[in-house]
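2 protein chains.
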Amino acid sequence: MRDDYLHALFSPKAIAVVGIFDSAGALARVVLSNLEGWGYQGRIVPVNWATQLEPQTVDSLTGIDLAVVCLSPEHVLEALELLADKGVKAVIITSAGFREIGGQGYYLEEAVIQLAARRNLTLLGPNCLGVASWEGRMNASLISRLPTQGNIAFFSPSGSMCNAILDWAASEAIGFSKFASLGNRAVIDEASMLQFLADDAQTSVIIGYLEGMNNGRRFARISQTITREKPVIMLQAGMTEHGQKAISSHVGALTGSERAYQTALKQAGIIQVDNLSTLFDLARMFGTQPLPNGPNLAIVTNSGGAGILAADGMAGTSLILPRFGGDTAARLAELLPRHAQSSSLVDIGMEATPVQYAKALEAVLRDRQVQMALVVIAPGLGVDLPAIVRELVAMPRVEGKPVAVCLIGQEGVMEEKRFLQRSGLPCYANPKAALSGFEAMLRYAQWKTKSYPVEVCYRRDKAKAERFLEDCLAASKTELFGFEAQPLLMAYELSFPRTELARTSRSAVKIAKRLACPVALKIASPHIEYKSDVDGVEVNLHTSEEVRQGFMNLTSRVQRQRSEAFISGCLVQEMILGKPAEVCIRAQRDPKFGPLIRFSVSGSQADIFQEYSMRLAPLSLEDAAAMMRELKVFSLLKRERGRDALDLRALEDVLLTVSQMTLDFPEIYTLEFDPVLVTSRGAWVAGVRMSLLPLLE
Amino acid sequence: MRDDYLHALFSPKAIAVVGIFDSAGALARVVLSNLEGWGYQGRIVPVNWATQLEPQTVDSLTGIDLAVVCLSPEHVLEALELLADKGVKAVIITSAGFREIGGQGYYLEEAVIQLAARRNLTLLGPNCLGVASWEGRMNASLISRLPTQGNIAFFSPSGSMCNAILDWAASEAIGFSKFASLGNRAVIDEASMLQFLADDAQTSVIIGYLEGMNNGRRFARISQTITREKPVIMLQAGMTEHGQKAISSHVGALTGSERAYQTALKQAGIIQVDNLSTLFDLARMFGTQPLPNGPNLAIVTNSGGAGILAADGMAGTSLILPRFGGDTAARLAELLPRHAQSSSLVDIGMEATPVQYAKALEAVLRDRQVQMALVVIAPGLGVDLPAIVRELVAMPRVEGKPVAVCLIGQEGVMEEKRFLQRSGLPCYANPKAALSGFEAMLRYAQWKTKSYPVEVCYRRDKAKAERFLEDCLAASKTELFGFEAQPLLMAYELSFPRTELARTSRSAVKIAKRLACPVALKIASPHIEYKSDVDGVEVNLHTSEEVRQGFMNLTSRVQRQRSEAFISGCLVQEMILGKPAEVCIRAQRDPKFGPLIRFSVSGSQADIFQEYSMRLAPLSLEDAAAMMRELKVFSLLKRERGRDALDLRALEDVLLTVSQMTLDFPEIYTLEFDPVLVTSRGAWVAGVRMSLLPLLE
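If you read the protein sequences in the order shown, they are chains Y and H.
Per our numbering: the first sequence = residues 1 to 697.
Per our numbering: the second sequence = residues 1 to 697.
Misleading hints may appear alongside valid ones.
Across the chosen pairs, the derived CB separations fall in these ranges [what the hints assert, rightly or not]:
id, chain 1, residue 1, chain 2, residue 2, range
1, Y, D199, H, W447, 51 to 59 Å
2, Y, S318, H, R43, 53 to 61 Å
3, Y, G37, H, I20, 57 to 65 Å
4, Y, R503, H, S680, 36 to 44 Å
5, Y, Q369, H, S680, 54 to 62 Å
6, H, S680, Y, F483, 47 to 55 Å
7, H, S680, Y, E582, 25 to 33 Å
8, H, W447, Y, G382, 20 to 28 Å
9, Y, Q369, H, V58, 57 to 65 Å
10, Y, T543, H, S544, 44 to 52 Å
List of simulated lysine-lysine pairs, BS3-like, C-alpha gap at most 25 Å [said to hold, decoys possible]:
id, chain 1, residue 1, chain 2, residue 2
11, H, K579, Y, K579
12, H, K638, Y, K531
13, H, K450, H, K266
14, Y, K579, H, K531
15, Y, K632, Y, K266
16, Y, K638, H, K266
17, Y, K266, Y, K450
18, Y, K632, H, K638
19, Y, K638, H, K531
20, Y, K513, Y, K477
21, Y, K450, Y, K632
22, H, K638, Y, K579
23, Y, K531, H, K579
24, Y, K579, Y, K522
25, Y, K632, H, K632
26, H, K632, H, K579
27, H, K638, Y, K638
28, H, K266, H, K245
Treat the hints as calculated values from the structure; they're not laboratory data.
We put the CB at the ideal spot given by N, CA and C, even for glycine.
Produce the complete structure using the sequences and hints provided.
Structural data, given as structure tokens:
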């Protein structure tokens, strides 16, 4: 249903342009001239707006699929009603003066949204530049200079970014299939565009600019399947503190936390870039080249220096300069007798002929060890660039092996650059940019082969947990510490060190006997938040006498330090033996993306190195395993001397249970299990802090 | 003396071009036409080479300062003799076929070097493209297309990189003062160029391409003073493993370790970049803008989206978006009534007039909180770029506040880009590139204010140390472990836990009594390398009985495990009390840069996070302090619970002593102090490994 409507937006049979056509620079005139100038074959109906339209004007709207409305905001509602009456399916509102100006504009936009819902109108904008579809030669937008036809689709809420990106693509001969300027995203948003483009046969690469997205969770969900078919490359703005501040003052929209946002997009397989250059570097490559079958890259260059810089640029990527397999070295020696080639960085020298460039590239691509190739060309005396690029373009491609060219220099080599790009060979101004393209292709190829994540569902007593949380909220108890959360842990079958409160030393001894293992004593006082501040713990108590003595020592020591504190007694807690590793699991509910789960080691190391791994719930089995692998400090922990192999499966279970618990109960606003103790025998939640938030009905 | 000669190279009164002028494409013809075409005012003498030159040809060489020799290698020596006879001071050899081809070429180059020394010739090349000096309109090179005049000097050993960089600069209107293509660097090398350019009045920014430099140490030493006067920006190739491999096969030169190299350049205040784009980004800015007085950057943009991306790009830099001071916000509100500005990211909207761009920028620059400004412009409907850039250029500059412009897009905005750059406003295609320019300017400004490092000289008994090392080498003892190195540590007044060898339990008790403190026992056996493998340590022994028992336990336990090992007894070692922090200091002699000193924490943490700080000897006091500050893990160590404030001054002393020791004795090839124990009372070298290398005479 919705897809049909987006179809009307991009492939209408007839289009009306509604506006005021009196002045030369009128927006409606610009749209009309763009539509007419670009060769659109359907009927085009200009409607010069007046409160009382001529009957024949109204009649001319019959059979119109799409209308572009360029009116001042106060006339928009009226125009929409008329268009809906005449059976128009899709409407583009270019006009500004809605939500983005606040106040009156906000309510006007709400009215537009309600009208669109009531009259079943597909609505783009308001405050947007329109759309174009290259297939139908339809430019229903305010942008006059568009790139050539190709296979890249693009969308952006920001009009200025639409302009900037299309302008760039036009000057570099990057080909596009469709674009949409989303404006205020009153109805059509990023997620619906993505859904539509997924099935668009003309589009094989989807790029977009993201800023203050409202529906990140839906966007990420949709992406998860699309990214396995087509690469989705998103330029994300506002991913840093400075950017966040800027974005909130710019669009007035509340964004989710940037970490949640990035995590969602990463989990969905979206290729995330944070600046324009990288977006362009990737678009060049993805738009024209096949995905590589592996990381082996060969470099052919006429400049030793540029070749070394290219090799340097591979540091920190997954790309590899392989040794040649077979007789490639011999073939190159024959082709270039003056240049002995020992590796897959092939220096053909400044004096190489154009044919030698192509022949060297071909020999290299034929090598079975080589999976992609970069040609790096420095200009210079006797380097006949026009002839070289012609030879390179004429060379037969080797299937499944991407190729890119780097012409060092910017504007000096512009003609050749455009020629290459038009001929399907991506062209870069410096080796590093080309390498970032290859690296992204390689990672995307790996992503495509990954199996879909399997979500797991654990046994739990949900009713019991629900009762417990209801009781807490009913008692206005929104902060839970340690001991207090035990019923919840039990409902989810999480292990924790058995703990009981002893008010006297005698009951402490009794409890320790019942626990039948070495115990720790922890001071219990409502007035003491951090036990470590008051030296409030005694550990490794084996005998009854030790427990009794420990209780006396602990309570009197603490009371001396904090004479004002009421001391309830001590918690008697089972000691987890076997040198446990201590990790920390946190979950925080992001307003847009739901529970964001963070895994790290306990203590200050995690903070200093900022080493955390993050995932949004629900976690898959693979996610849980990957969260551990991602942490370098965790491998340190595992390796610690005198420690048996940790029961990582048990730790995975805790992670997966946190995922399930936070999804089961949106009341859980934050959750912190710290420390979780992991030994070779299992994992125990030894510290708990939770905050609850009553749900608003 | 040498400077005079470089003077002849760049400002000759008369120039000879020596070569074969028969064919149209002859190199000598290219040089001649470049010289004549560029407006050089001195005398130019073409010499068509023949074994028997006409007497009048020989006469014409009288008064020549500089000769450009474009002959095949076998004629070069003969030509040089003749030129020297005629009093020529400087010679450029463009010819290839010397060291770079190996074999015969290598010996030919050696002969050229000897001739140059004997005849006092300043020699550039061979295998180079020549030089140009804009001041004298002298283009004595093979490069026909040169940039406009400016204040940037450039050198490179690689001809292709010369070509690439000059070509780029020409197309972007970046101005140059001098360039030199160094070729094989037989006589004039990077260091001598740097020295010359330091005093060149036409040059205020020095940029270079570095690859396989032979004299890194001298280069770094010279830079240390120059960088306080002029920024020195170096594009370094071969700084990674891939690059290293490529470089050694390319130039056949042995490079120092990349870490030593980078450390040297960093300590010398050189601005290091690893790719062409960044080099260009920095050159644009440094060539035209004053250094900023602080990190506060304001952004003026017509595109909210691009503004956010720019703000995002500031993450990870030292740049700050400040709040305005004074009435700037009010002034902007007056100028742009539709755009409320709450921060120093000023969105003036797509509809802003050209004058508003300039006025907004001026208002922002006048703000006392703002120390630099970036204007980010996205193209679009109604955005009159040519008029905007004219207004921006016409705006009066504010002293001491650098400004840059970012015109989003590449070739589409080329004309405006060139116009801005020519008018002294650096122009970028994306915000991130501009920010990297500002960041580099800020760091350089900070470097300039740093005081010169003070080297310290510690009291030591050098004669004693010398005797000890001589004895070791005489006995072919090139590996020293722990205990064995004590005489050396004593000569340098380093503290270490007092240690003595006890062959029996009785002598162990005696020694422990003498040490009068808790001791540790460590197994002593020539057959056991790692004591931890055999549980070969007993610690915290207080009483004589504990020492006796410990000795018996230790020796019998180890003997059981290693029945084949000869056990000499136990080392009785003073225990360092007070929960010492354990750090690791290493020094390794780099073949080119001398001792490279590395500081890290002990154990596997350093390896996992690759957290080391490096400096080349000699260390200054500031270096030693900075080496500790740079490590995040070290701050972790300092903060550890129950630890008193560490005596960092004592640790600095150990670092400085290592610096001095390795400089005093080149025989010390590697040195490892691990662990060095640091407490609140001092620092002790508790573990030592050293390897010695006899010096070759």
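Checked hints:
Taken as a hint, the range 51 to 59 Å holds for the pair D199 (chain Y) and W447 (chain H), whose Cβ atoms sit roughly 56 Å apart. In this structure the hint that S318 (chain Y) and R43 (chain H) lie 53 to 61 Å apart at CB holds, the actual value being about 59 Å. Take G37 (chain Y) and I20 (chain H): their Cβ atoms lie about 59 Å apart, and the range 57 to 65 Å holds. Judged by the Cβ atoms, the range 36 to 44 Å given for R503 (chain Y) and S680 (chain H) holds: they are separated by roughly 41 Å.
Judged by the Cβ atoms, the range 54 to 62 Å given for Q369 (chain Y) and S680 (chain H) holds: they are separated by roughly 58 Å. In this structure, S680 (chain H) and F483 (chain Y) break the distance hint of 47 to 55 Å, their C-beta atoms being roughly 38 Å apart. Distance hint check for S680 (chain H) and E582 (chain Y): the Cβ-Cβ separation is about 27 Å, which falls inside the suggested range of 25 to 33 Å. Between W447 (chain H) and G382 (chain Y) the beta carbon distance is about 41 Å. The supplied range of 20 to 28 Å is therefore violated.
Look at Q369 (chain Y) against V58 (chain H): about 58 Å separates their beta carbons, and that is inside 57 to 65 Å. Taking the beta carbon of each, T543 (chain Y) and S544 (chain H) are about 31 Å apart, not inside 44 to 52 Å as hinted. At roughly 21 Å between alpha-carbon atoms, K579 (chain H) and K579 (chain Y) fall within 25 Å of each other, so this suggested pair holds. This hinted pair checks out: K638 (chain H) and K531 (chain Y) have alpha carbons roughly 22 Å apart, not beyond 25 Å.
Of the supplied pair hints, the one linking K450 (chain H) and K266 (chain H) holds, its CA atoms being roughly 14 Å apart against a limit of 25 Å. The straight-line distance between the Cα atoms of K579 (chain Y) and K531 (chain H) is roughly 23 Å, inside the 25 Å bound, and the hint therefore holds. Pair hint K632 (chain Y) plus K266 (chain Y) holds up; C-alpha atoms about 20 Å apart against a cutoff of 25 Å. Distance check on the hinted pair: K638 (chain Y) and K266 (chain H) sit about 36 Å apart at the alpha-carbon level, beyond 25 Å; violated.
The hinted pair formed by K266 (chain Y) and K450 (chain Y) meets the criterion: a straight-line CA distance of about 14 Å does not exceed 25 Å. Pair hint K632 (chain Y) plus K638 (chain H) holds up; C-alpha atoms about 21 Å apart against a cutoff of 25 Å. Only pairs whose Cα atoms come within 25 Å are accepted, and K638 (chain Y) paired with K531 (chain H) is accepted, the gap being roughly 22 Å. For the suggested pair K513 (chain Y) and K477 (chain Y), the alpha carbons sit about 32 Å apart, so the restraint of at most 25 Å is broken.
At most 25 Å may separate the alpha-carbon atoms for a hinted pair to count; K450 (chain Y) and K632 (chain Y) meet this at roughly 23 Å. Proposed proximity of K638 (chain H) and K579 (chain Y) is supported: the alpha carbons are some 24 Å apart, at most 25 Å. Between K531 (chain Y) and K579 (chain H) the alpha-carbon distance is near 22 Å, which keeps this suggested pair within the 25 Å criterion. For the suggested pair K579 (chain Y) and K522 (chain Y), the alpha carbons sit about 19 Å apart, so the restraint of at most 25 Å is met.
A distance of roughly 15 Å separates the Cα atoms of K632 (chain Y) and K632 (chain H); the hinted pair therefore holds under the 25 Å criterion. For the given pair, K632 (chain H) sits about 20 Å from K579 (chain H) by alpha-carbon distance, which is consistent with the 25 Å threshold. In summary, the hint linking K638 (chain H) to K638 (chain Y) is supported, as the alpha carbons are separated by about 23 Å, within the 25 Å threshold. Of the supplied pair hints, the one linking K266 (chain H) and K245 (chain H) holds, its CA atoms being roughly 23 Å apart against a limit of 25 Å.
Checked against the numbered hints given earlier, the structure breaks hints 6, 8, 10, 16, 20 and satisfies all the rest.
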